[in-house]
Amino acid sequence: MDFQVVVLAGGFSKNLVPLVSKEVPKALLPVANQPVILYVLELLDQNDLKYAIVVVEGESAALLISSWISINFVDRLHVEVIAVPEDVGTAGALRAIDHRLTAKDILVMSGDLVTEIPPGAVAATHRRHDAVVTAMLCPVPVSGLSESGSSSGKEKSKKTSRYNIVSLDPTKQFLLHIAAGAEVDKDVRAQKSILRAVGMMEIRSDLIDTHMYAFKRSALQDVLNQKENFQSLRRDVLPYLVRSQLRSELLSNGVQSDENSNGQDGPPDSKIVLSQLLANSSTPNFHDIYALGLAGSAPMRKTHKCCVYVANKSNYCSRMNTIQAFTDINRDVVGEASHLSGYTFSAQNNIIHPSAVLGSKTTVGPQCMLGEGSQMGDKSSVKKSVIGRHCRIGSNVKIVNSVVMNHVSIADGCSIQGSIICSNVQIQERAVLKDCQVGAGFVVSAGGEYKGEALAKKEKF
Amino acid sequence: MVAKKKSRGGTVGEDAGEGLSRAPLQAILLADSFSTLFRPITLERPKVLLPLVNAPMIEYTLAWLESAGVKEVFVFCCAHSKQVIEYLENSDWLNQPNFSVSTIKHAATSAGHALRLIYDKDVIRGDFVLVTGNTVSDMPLTEALKEHKERKKRDSNVVMTMVIKQSKPSPVTDQSRLGTEELFMAIDPETKELLYYGTSKADTTLALDRTVLLDRSSISPHNDMQDCYIDICSPVVLSLFADNFDYQHLRLPFVQDLLVDDLMGYKIFTHEMHHSSYAARVDNYRSYDTISKEIIQRWTYPLVPKLIGSGTTIGKHSQVSNSVIGENCVIGSNVSVDGCYIWNNVNIEDGCRLKQAIVCDGVTIKSGAVLEAGAVISFNVIIGQNFVVPAYSNVSLLQQPVSQGSYDEMEELVSDLRIQEAGGAGYIWPVGEGEWRHSMAPISSDRLVEIIKSATDELDILDSGNESDDGEDDYAYFEKEVEATFLRAVHENVEQDHIIVEVDSLRFANNLASTDCAGALFYAMMKYAVDTSAGEALFKITHGVIEKWEKLFKWYLLSLDEEIEVILKFEEMCLESTKEYASLFPKILRLLYEKGILQEDAILRWESEKEHADESDKVFVKKAEKFLQGLEKKKIGGR
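Going down the list, the protein sequences come from chains D and U. All letters in the first sequence, in the order written, are residues 65 to 525 by the numbering used here. All letters in the second sequence, in the order written, are residues 3 to 641 by the numbering used here.
Chain D extracted, bound-state conformation:
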């Protein structure tokens, strides 16, 4: 097996309170009425990657996810769910399953990724360059993130911290710099030694790190073992690898030595490179200069390559790691990225389950979804929203730009806008919710009016 796939599914993500609950870890939060992890697993299936390790934080979450996967993907994928302690971080999770990593390269994906970009493209780039790490980057969608409904002024000041700041070489193949954890909000600092080697770089703030990485296993394990304080792949491991690419501290096993079969015929002849240096011409690859040994001596310095795969702008790619993202992705998957949902849309550009019941003069607009066994009373309307299974919705109810999960009851005369209603919530008559999140099982009393609030039962995680 060449590539081993590891899906990091997280646990009960704090960012997503009150959407997550004891029964619903992050990986099982619905996107168009299907758990978000389904999208990653489907992607693997479609790309003929039949084996995967799903790493979950916490035993109870692991049990929930494991049972869901075994029901839904039986006979399709060989998935092994492994529980790791909570809050170990992405690097900690990989460290915990270290003994399970055996393939030459490891493809790490975030379990909250909703995309159509084939992982094979990342793997191919990784292999072609014999890289230590290859990250998949995706251009910021023109609409998507920016028109997410929140105030635009705030958006602008936050812009640079929300997107990643990365530097690429002019050919857009190599990753030269990525802001590490603490640096994200500071000045942008480009390493001169790397700039010297490559001559020119491009600092970009319009690319999103999709958290899909291909790692050379031996290198990944070296870093995880040597740097015990590294917690996060994105904030610690990746910046470290990028920073040290011209003076690699990785152990030599596997990094340079093994398998030179795929086009790379050994280290470049040092004399040739030296003559190129003296001729002041550029070398075929900037890493070679530093890996140069003089007059047949051992190489001065080891180098390793950090690559990127920049996805095409037309591809959909988003991660469900915030409440805003949850709303956005649900909207997109029944809207502009509807091909990802796997559903067939009606002529009205929506999906109403055959078992759903609509009262008279009730309308369900385009880019909406109404799940199995849900019922709606008279004169209600649903616009740009997703409604789950077995919900009971009364008359004269308005639901706009919202996500309603399963078994929710909404009484007559309610108005719900820009909100997320979790499973088993009861909303009594004439309640008005705007930009709210209502946690599972909560009861919104009659006539209540809420704006921009998170409503949840007191539940300790």
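Misleading hints may appear alongside valid ones.
Claimed, not checked - As a list, the in silico EDC-like pairs of lysine to aspartate or glutamate whose alpha-carbon atoms are at most 20 Å apart:
hint, chain 1, residue 1, chain 2, residue 2
1, U, Lys482, U, Asp506
2, U, Lys628, U, Glu596
3, U, Lys597, U, Glu634
4, U, Lys628, U, Asp603
5, D, Lys114, D, Asp66
6, U, Lys170, D, Asp233
7, U, Lys620, U, Glu582
8, D, Lys236, U, Asp190
9, U, Lys151, U, Glu91
10, U, Lys194, D, Glu266
11, U, Lys170, D, Glu266
12, D, Lys443, D, Asp476
13, U, Lys556, U, Asp248
14, D, Lys236, U, Glu192
15, D, Lys114, D, Glu180
16, U, Lys107, U, Glu91
17, U, Lys194, D, Asp233
18, D, Lys377, D, Glu400
19, U, Lys107, U, Glu74
20, U, Lys194, U, Asp176
21, U, Lys624, U, Glu634
22, U, Lys624, U, Glu611
23, U, Lys194, D, Asp270
24, D, Lys366, U, Glu452
In short, the hints are calculated from the structure, not lab data.
Starting from the known structure of chain D, fit chain U onto it as the hints suggest.
Relative to the frame of chain D, chain U by itself:
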């Protein structure tokens, strides 16, 4: 002389004139580079008149300006101004029909000073081209001018368009092919706005304010660009120089200041020259060599000069390769000349061997003598029979000038070596440490190996420090650099002005305040005093050091803040690094006061700042109690 293809020059000029603006295009040509890299030659002749492939450098610059459509040139003459003016008067340049050349003569001390003087003359009426008289180019200016004008129309804050050219420095020596330091720039790839400009090696990273990424999605840092020192300037550039007396050079700190200061919002843009054009500046011997070779290879067509001047004779069995020889030279037999520039009226006797050398007018090299690679033989020197001039040597009839005031007993001054044996005449100047960097001789492969090795080590040290990268580190690094700069000043007779420029560029590179400069310089001085005193008579030596560097030090004491910083620094030193001073604290404090370095207000404010501090923090206030009381009394008495 330089042969030109007139037709081409003419058409370019008309285009530029008609399409862009009615006012005739003006240019400022600085006929002095305000550097000493061409010494000893420039002690006797200005750089712009030195022959470059048998034509004075200024010829290339003027010919190019004329062909590029410039109508009026102001030649600013400074060093050896008489020679420059005389040369121009004897040339055709002063009476061309559509190209007016006039001279401005003044003993300016820096390029900044020169621009201030030109500003006062009030002769510049619109956008102008700013170049130095050692520029060789065939680049048409039309496009760069057009871009500049269009940008200016949209944004009145556009002050300058800087011409750059792609050229990657050697990855080993970090030097360009012209022997200049590597340059780091950051450019907006879309608008071509310049966002960062720096040559400093001080920092391992190139820091860009994160706000620059707010309204653009990408920025391109470059290490593969060469500054051509051809600028298209708005008139406001002159007034900026006029307003800021600390702008001495055309680049630093001027450019950095403009880029950092968002108060005025001035912007600088870059124009990347088309690769088919040529532009380079003769800054040092290496670029002299590089550019000469490129002229010979006709990169600069239509500028095509002669390789061997008229009246020159070469004897039997002599070999001349890769060289340029001027007029009326006599070269004997069995002579080998390789990669050399031999100017006019040079006499080389039989059997001499010359390699990668510059030989100025009137030199005589007696039989059997050898010039090793990188030698520079200035005017009228005589090299004796069978004498071997060592590599990188500068030989002149004049002694190396000792800059006034910097003579110091403690330092070992390497003196010039007089060569008289075997009929020679001249002095061999001591070889400077970095001479190989910009010498004519190529860098030896031993040296390259050494550099690669040390670069590897350096990288390791720097990067490990980088992990805990924060303000403290920046300052610690800065302090070390200032100390090194100061020590160089002490040991190598560097002029105070140069120290100021160096310290300033360090300061900008590290983004520190002027108070930090004062503190760091003070630290450097005091540390130097301790290190040289060897425990004895510390006060006396400190007194001497302070006295000697008083002027330099005062330069950085702009206000009370800097003075207080100095006292605080002193206190810190007494406590930590140099406890030797602890007992002398009040005495030296009094000394600084008496010298007028610290004002009483600063000292008293320091005292009052300490009033509520911990007891342990007041040790030195107590020590100086008597002196402080005296000051206070005086202050009250004075009122």
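Hints, one by one, checked against the model:
1. With a CA separation close to 14 Å, the supplied pair Lys482 of chain U and Asp506 of chain U stays within the 20 Å bound.
2. The suggested pairing of Lys628 of chain U with Glu596 of chain U holds, with an alpha-carbon distance near 15 Å, which does not exceed 20 Å.
3. The hinted pair formed by Lys597 of chain U and Glu634 of chain U meets the criterion: a straight-line CA distance of about 18 Å does not exceed 20 Å.
4. Between the alpha carbons of Lys628 of chain U and Asp603 of chain U the distance comes to roughly 16 Å, so the proposed pair stays at or under 20 Å and holds.
5. At roughly 12 Å between alpha-carbon atoms, Lys114 of chain D and Asp66 of chain D fall within 20 Å of each other, so this suggested pair holds.
6. As the CA atoms of Lys170 of chain U and Asp233 of chain D are separated by approximately 15 Å, the hinted pair is consistent with the 20 Å bound.
7. Distance hint between Lys620 of chain U and Glu582 of chain U is fulfilled; the C-alpha atoms sit about 18 Å from each other, no more than 20 Å.
8. With a CA separation close to 17 Å, the supplied pair Lys236 of chain D and Asp190 of chain U stays within the 20 Å bound.
9. Straight-line distance between C-alpha atoms of Lys151 of chain U and Glu91 of chain U comes to about 34 Å, which puts the hinted pair past the 20 Å bound.
10. This hinted pair checks out: Lys194 of chain U and Glu266 of chain D have alpha carbons roughly 13 Å apart, not beyond 20 Å.
11. With a CA separation close to 16 Å, the supplied pair Lys170 of chain U and Glu266 of chain D stays within the 20 Å bound.
12. This hinted pair checks out: Lys443 of chain D and Asp476 of chain D have alpha carbons roughly 10 Å apart, not beyond 20 Å.
13. For the given pair, Lys556 of chain U sits about 15 Å from Asp248 of chain U by alpha-carbon distance, which is consistent with the 20 Å threshold.
14. A distance of roughly 17 Å separates the Cα atoms of Lys236 of chain D and Glu192 of chain U; the hinted pair therefore holds under the 20 Å criterion.
15. Only pairs whose Cα atoms come within 20 Å are accepted, and Lys114 of chain D paired with Glu180 of chain D is accepted, the gap being roughly 17 Å.
16. For the hint pairing Lys107 of chain U with Glu91 of chain U, the CA-to-CA distance comes to about 14 Å; that is within 20 Å, so the pair holds.
17. Proposed proximity of Lys194 of chain U and Asp233 of chain D is supported: the alpha carbons are some 18 Å apart, at most 20 Å.
18. Simply put, Lys377 of chain D and Glu400 of chain D have alpha-carbon atoms about 14 Å apart, close enough for the 20 Å limit, and the pair holds.
19. The suggested pairing of Lys107 of chain U with Glu74 of chain U holds, with an alpha-carbon distance near 17 Å, which does not exceed 20 Å.
20. With a CA separation close to 24 Å, the supplied pair Lys194 of chain U and Asp176 of chain U exceeds the 20 Å bound.
21. Proposed proximity of Lys624 of chain U and Glu634 of chain U is supported: the alpha carbons are some 14 Å apart, at most 20 Å.
22. Taking the CA atoms of Lys624 of chain U and Glu611 of chain U, the gap is about 14 Å. The hint holds against a cut of 20 Å.
23. Between Lys194 of chain U and Asp270 of chain D the CA atoms are separated by roughly 18 Å; this keeps the pair inside 20 Å, and the hint holds.
24. Simply put, Lys366 of chain D and Glu452 of chain U have alpha-carbon atoms about 18 Å apart, close enough for the 20 Å limit, and the pair holds.
Hint compliance for this structure: hints 9, 20 are not met, and every other hint is.
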